[in-house]
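Residue numbers (the working numbering), protein chains in the order written: chain A, 1 to 578; chain B, 1 to 72.
Since the hints were made in silico from the structure, they are not lab data.
Honestly, I wouldn't trust all of these hints.
[Claimed, not checked] No farther apart than 30 angstroms at their CA atoms in a straight line, the calculated lysine-lysine pairs in the DSSO-like style are these:
{"#": "1", "chain 1": "B", "residue 1": "Lys-34", "chain 2": "A", "residue 2": "Lys-149"}
{"#": "2", "chain 1": "B", "residue 1": "Lys-38", "chain 2": "A", "residue 2": "Lys-141"}
{"#": "3", "chain 1": "A", "residue 1": "Lys-141", "chain 2": "B", "residue 2": "Lys-34"}
{"#": "4", "chain 1": "A", "residue 1": "Lys-534", "chain 2": "A", "residue 2": "Lys-522"}
{"#": "5", "chain 1": "B", "residue 1": "Lys-5", "chain 2": "A", "residue 2": "Lys-149"}
{"#": "6", "chain 1": "A", "residue 1": "Lys-308", "chain 2": "A", "residue 2": "Lys-125"}
{"#": "7", "chain 1": "A", "residue 1": "Lys-269", "chain 2": "A", "residue 2": "Lys-534"}
{"#": "8", "chain 1": "B", "residue 1": "Lys-32", "chain 2": "B", "residue 2": "Lys-5"}
{"#": "9", "chain 1": "A", "residue 1": "Lys-149", "chain 2": "A", "residue 2": "Lys-114"}
{"#": "10", "chain 1": "A", "residue 1": "Lys-522", "chain 2": "A", "residue 2": "Lys-548"}
{"#": "11", "chain 1": "A", "residue 1": "Lys-308", "chain 2": "B", "residue 2": "Lys-32"}
{"#": "12", "chain 1": "A", "residue 1": "Lys-569", "chain 2": "A", "residue 2": "Lys-522"}
{"#": "13", "chain 1": "B", "residue 1": "Lys-5", "chain 2": "A", "residue 2": "Lys-332"}
[Unchecked claim] Counterexamples of contact, computed for chain A against chain B with all Cβ distances above 10 angstroms:
{"#": "14", "residue": "Gly-47"}
{"#": "15", "residue": "Gln-68"}
{"#": "16", "residue": "Glu-84"}
{"#": "17", "residue": "Ser-176"}
{"#": "18", "residue": "Asp-237"}
{"#": "19", "residue": "Glu-258"}
{"#": "20", "residue": "Met-317"}
{"#": "21", "residue": "Glu-402"}
{"#": "22", "residue": "Gln-409"}
{"#": "23", "residue": "Phe-416"}
{"#": "24", "residue": "Asn-422"}
{"#": "25", "residue": "Glu-436"}
{"#": "26", "residue": "Lys-522"}
{"#": "27", "residue": "Lys-553"}
{"#": "28", "residue": "Lys-569"}
Note that CB positions come from ideal geometry on N, CA and C, so glycine has one too.
The residues making up each chain are set out below.
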Amino acid sequence: MAEEVIRGIDVLVIGGGLAGTLAAIKAREAGARQVVQVDKAYAGRSGCSACAAGVISSFLPEEDDREQMFTDMVVRAHHLCDQERLQDHFDDFPARLKEMEDFGVGFERLPDGKLQRHPGRGTGKFVMFHGGLQMMGAMRKAALGAGVKIVDKTMVTGLLTRDGAVSGAVGFHIPSGEFRVFGAKAVVVAAGRCWNKGRNPGNRSATGDGLALAYQVGAVLEGLDQARWNNMAARYDIGPGMNMYVGSGGFFVNSKGERFMERYHPELKDRAPLNILTPSFAMEARRGNAPIFLDLTHLEPETVLRFKRVIPMPMMMFERVGVVAGDRFTRKVEWEPAAIQCDGGLKVNRRYESTVPGLFACGDAIPPGSGEGQRALPGAMTSGGRAGRFAAEYVRECGEPELEREQIQVLREETFAPLNRNDGIEPDQVLLSLQEAISPYDVLILRREERMERALRTVEEIWRDQAPLLCAYDPHYLRMAHEARYMTLVGMLQLRSALFRKESRENLREDYPLIDNESWLKWVTVRREGDGVKVGAEMLPVERYPVKPKPDKTLHPLWQRVEGMGIVKIEQGEVRWA
Amino acid sequence: MGVRKIDLTLCTGCGICIDECPMDVFRMDDEKNKAFIKYLRDCQSCFICERECPEDAIYCLPTFERRIPDPW
Ligand SMILES: Cc1cc2nc3c(=O)[nH]c(=O)nc-3n(C[C@H](O)[C@H](O)[C@H](O)COP(=O)(O)OP(=O)(O)OC[C@H]3O[C@@H](n4cnc5c(N)ncnc54)[C@H](O)[C@@H]3O)c2cc1C
Ligand code: SF4
Ligand code: SF4
Numbered sequence: 001m002a003e004e005v006i007r008g009i010d011v012l013v014i015g016g017g018l019a020g021t022l023a024a025i026k027a028r029e030a031g032a033r034q035v036v037q038v039d040k041a042y043a044g045r046s047g048c049s050a051c052a053a054g055v056i057s058s059f060l061p062e063e064d065d066r067e068q069m070f071t072d073m074v075v076r077a078h079h080l081c082d083q084e085r086l087q088d089h090f091d092d093f094p095a096r097l098k099e100m101e102d103f104g105v106g107f108e109r110l111p112d113g114k115l116q117r118h119p120g121r122g123t124g125k126f127v128m129f130h131g132g133l134q135m136m137g138a139m140r141k142a143a144l145g146a147g148v149k150i151v152d153k154t155m156v157t158g159l160l161t162r163d164g165a166v167s168g169a170v171g172f173h174i175p176s177g178e179f180r181v182f183g184a185k186a187v188v189v190a191a192g193r194c195w196n197k198g199r200n201p202g203n204r205s206a207t208g209d210g211l212a213l214a215y216q217v218g219a220v221l222e223g224l225d226q227a228r229w230n231n232m233a234a235r236y237d238i239g240p241g242m243n244m245y246v247g248s249g250g251f252f253v254n255s256k257g258e259r260f261m262e263r264y265h266p267e268l269k270d271r272a273p274l275n276i277l278t279p280s281f282a283m284e285a286r287r288g289n290a291p292i293f294l295d296l297t298h299l300e301p302e303t304v305l306r307f308k309r310v311i312p313m314p315m316m317m318f319e320r321v322g323v324v325a326g327d328r329f330t331r332k333v334e335w336e337p338a339a340i341q342c343d344g345g346l347k348v349n350r351r352y353e354s355t356v357p358g359l360f361a362c363g364d365a366i367p368p369g370s371g372e373g374q375r376a377l378p379g380a381m382t383s384g385g386r387a388g389r390f391a392a393e394y395v396r397e398c399g400e401p402e403l404e405r406e407q408i409q410v411l412r413e414e415t416f417a418p419l420n421r422n423d424g425i426e427p428d429q430v431l432l433s434l435q436e437a438i439s440p441y442d443v444l445i446l447r448r449e450e451r452m453e454r455a456l457r458t459v460e461e462i463w464r465d466q467a468p469l470l471c472a473y474d475p476h477y478l479r480m481a482h483e484a485r486y487m488t489l490v491g492m493l494q495l496r497s498a499l500f501r502k503e504s505r506e507n508l509r510e511d512y513p514l515i516d517n518e519s520w521l522k523w524v525t526v527r528r529e530g531d532g533v534k535v536g537a538e539m540l541p542v543e544r545y546p547v548k549p550k551p552d553k554t555l556h557p558l559w560q561r562v563e564g565m566g567i568v569k570i571e572q573g574e575v576r577w578a
Numbered sequence: 001m002g003v004r005k006i007d008l009t010l011c012t013g014c015g016i017c018i019d020e021c022p023m024d025v026f027r028m029d030d031e032k033n034k035a036f037i038k039y040l041r042d043c044q045s046c047f048i049c050e051r052e053c054p055e056d057a058i059y060c061l062p063t064f065e066r067r068i069p070d071p072w
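Given these sequences and hints, build the entire structure.
See below:
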């Protein structure tokens, strides 16, 4: 295969979603001369960003009480959040929002010119934009306008290092199969999260690549034990919009027709945050009350017409399968937890630099600064902006990195290995095995040691026995093969991390039902040690944080709630199902 | 079933769908100068191709292209 070497790059950004695009633009603004943005598909059309539904959880200084919002976010994350990053997020958000609008991203405004706000899940207030496609089209144009060089259809398959610092990346061009080498002083990982190609169209190009690549060069990953599950239409391949649906009066019913969320979260009901909503679904399933349906059939025509304007994509899709006809929802829609995802990513400091010098990260590739607030698109906006700026500052001190031929050769062989295995295992087989191991609701949504151990053993077998035999018939399959490898690796690290946290917090454990602020105000970290995996924990620096947790142990509020409902009993420190 | 059809009477071979599909589903028939669906199984039903095709030649359906295990 031919080889192309691109040298002289100041900042190489991996990923063409919102985080990567903002990082690239901000790196240019901060003085980086040569900024290259590489995407395995097409920057601005791939990843979650391009498929985003159309709402941004927002902080508008002229309308909102910052301190109150901040405290709410910290408390709702059960204090497992980086309050310093969250402060920076509040500082930056209004400016990023304004810039995006200046770049041509369309937002819904009221006749008086104010941004239209909308309640959604939780207590957040959202502003509405005209869908991911419009947004990312404008952002790609803005990046090109800022002098960013975009390299599409090039999948990164390895990071280069020199004396412990990052020095570039390698990958291959999918249409031609050509090998590509990028020599760069700094690299920003903005390659998104690992969604394991589950339910939720739009996320199937986010396969944990950035996490796996960073892990391979020794970066510490953090927060992989945490997962906030979205949920989606079960039988149609239709993306989200749930903030709009439940914010406008949609509700869930179980197989008996009961509006069960009234009991699981009497205050917010169907608008409960995801870390309550999805476990509530799982508990209904545990009680034999699945399937779950989302009911929107009662919505008024004007509401349905507003959906069509604000979340055109899912509405058009619902129309195609007859769920929406004209200005009405015609029937209930079966609903399930979406992709098997994890919230973790590269551990970064306040400058968004990882534990590997010169390697920065942002967006979905880092753990959210908070469960709400700095995550999803708002998180991509503020973390992307800062990662780009700090990467540009970092390269001011750097000389041109030398590239090591030997290292490149090893990565090249690894990159193309599946192409030489015509009679190996197809990527689909590995993907399905992985999904079967980790997607049952009682593995990672309702957690217990034995079940996670069992899943871990299966995923380790896939990694050991199947992944090395992955085959690819052509460069398209080569992408799919590497994605399957990355997802398997991340799945293994996710289960290891989840097993390590012996308490309930963002996620519920039956065997450790308490939120344990005495021992577990910690991030779970994981990194590579030789060929082994090293899992550990790091204290949150709560002494530096403005919002202080109580140093106590309390039964998780959702366990408390369902104990009160008589669904579970707490016996000998464990949950027993009634 | 994701992307279902390219209407060849409308397709001008502009290549936009090939460029922009995030899952790399399309290829170009260079002889006929028309796009075709090559890797259907990897389609993620995002409808980007349908929305971006300047000739309205592409039709998609939001149904699953491969089995995704149910959580219960
Ligand atoms: C369907 C859907 C709808 C959503 N709707 C909303 C919403 O309305 N509001 C909201 O706030 N959030 C929403 N979210 C979440 C939000 O879209 C994401 O959190 C956000 O877009 C993440 O941006 P990102 O730039 O970090 O990653 P992504 O947008 O996922 O971008 C990652 C990019 O990296 C590229 N890439 C990956 N691996 C490689 C590799 N090896 N080499 C080269 N390139 C690579 C991918 O092709 C992709 O372009 C939604 C998510 C989904 C899936
Ligand atoms: S975008 Fe439409 S017109 Fe262009 S090649 Fe694809 S199908 Fe043909
Ligand atoms: S629906 Fe999306 S993934 Fe499927 S072919 Fe069209 S652009 Fe590609």
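Consistency of the hints with the structure:
1. For the proposed pair Lys-34(B) and Lys-149(A), the alpha carbon gap of about 29 angstroms is at most 30 angstroms, so the pair holds.
2. A distance of roughly 29 angstroms separates the Cα atoms of Lys-38(B) and Lys-141(A); the hinted pair therefore holds under the 30 angstroms criterion.
3. About 27 angstroms separates the Cα atoms of Lys-141(A) and Lys-34(B), which keeps this hinted pair within 30 angstroms; it holds.
4. Between the alpha carbons of Lys-534(A) and Lys-522(A) the distance comes to roughly 16 angstroms, so the proposed pair stays at or under 30 angstroms and holds.
5. This hinted pair does not check out: Lys-5(B) and Lys-149(A) have alpha carbons roughly 34 angstroms apart, beyond 30 angstroms.
6. Taken as a hint, the Lys-308(A) and Lys-125(A) pair is honoured in the structure, with Cα atoms around 20 angstroms apart against an allowance of 30 angstroms.
7. This hinted pair does not check out: Lys-269(A) and Lys-534(A) have alpha carbons roughly 40 angstroms apart, beyond 30 angstroms.
8. Pair hint Lys-32(B) plus Lys-5(B) holds up; C-alpha atoms about 16 angstroms apart against a cutoff of 30 angstroms.
9. Only pairs whose Cα atoms come within 30 angstroms are accepted, and Lys-149(A) paired with Lys-114(A) is rejected, the gap being roughly 35 angstroms.
10. Note on Lys-522(A) and Lys-548(A): the hinted pairing holds, with a Cα-Cα distance of about 14 angstroms set against a maximum of 30 angstroms.
11. Our distance criterion of 30 angstroms between C-alpha atoms is broken by Lys-308(A) and Lys-32(B), whose separation comes to about 37 angstroms.
12. Our distance criterion of 30 angstroms between C-alpha atoms is met by Lys-569(A) and Lys-522(A), whose separation comes to about 27 angstroms.
13. For a cut-off of 30 angstroms, the pair hint linking Lys-5(B) to Lys-332(A) stands: about 28 angstroms separates their Cα positions.
14. Chain B draws Gly-47(A) into its interface by the beta-carbon criterion, the shortest separation being 7 angstroms against a cut-off of 10 angstroms.
15. Listed as outside the interface, Gln-68(A) is consistent with that label: its C-beta sits roughly 36 angstroms from the nearest C-beta of chain B, beyond the 10 angstroms cut-off.
16. With a cut of 10 angstroms on Cβ distances, Glu-84(A) stays outside the contact zone with chain B, its closest approach being about 34 angstroms.
17. At the 10 angstroms boundary, the C-beta of Ser-176(A) stays outside the reach of chain B, the nearest C-beta of that chain being 13 angstroms off.
18. Not every Cβ of chain B is farther than 10 angstroms from the Cβ of Asp-237(A); the closest lies at roughly 4 angstroms, contradicting the non-interface assignment.
19. With a least beta-carbon separation of about 17 angstroms from chain B, Glu-258(A) lies farther than 10 angstroms from that chain, consistent with its non-interface assignment.
20. Some Cβ of chain B comes within 10 angstroms of the Cβ of Met-317(A); the nearest lies about 4 angstroms off, and the non-interface call is violated.
21. With a closest Cβ-Cβ approach of about 33 angstroms to chain B, Glu-402(A) is found to remain outside the 10 angstroms limit, as its non-interface label requires.
22. Chain B leaves Gln-409(A) outside its interface by the beta-carbon criterion, the shortest separation being 27 angstroms against a cut-off of 10 angstroms.
23. For Phe-416(A), the shortest C-beta to C-beta distance to chain B comes to about 17 angstroms, beyond the 10 angstroms cut-off, and the non-interface label holds.
24. No beta-carbon of chain B is positioned within 10 angstroms of the beta-carbon of Asn-422(A); the least distance is around 17 angstroms.
25. For Glu-436(A), the requirement that its beta carbon stay farther than 10 angstroms from each beta carbon of chain B is not met, with the minimum near 5 angstroms.
26. At roughly 28 angstroms from the closest C-beta of chain B, the C-beta of Lys-522(A) stays outside 10 angstroms, upholding its exclusion from the interface.
27. The beta carbon of Lys-553(A) sits about 30 angstroms from the closest Cβ of chain B, which is more than 10 angstroms, so the claim that it is off the interface holds.
28. Remark: the non-interface label on Lys-569(A) is consistent with the geometry, its nearest Cβ contact in chain B lying 22 angstroms away (cut-off 10 angstroms).
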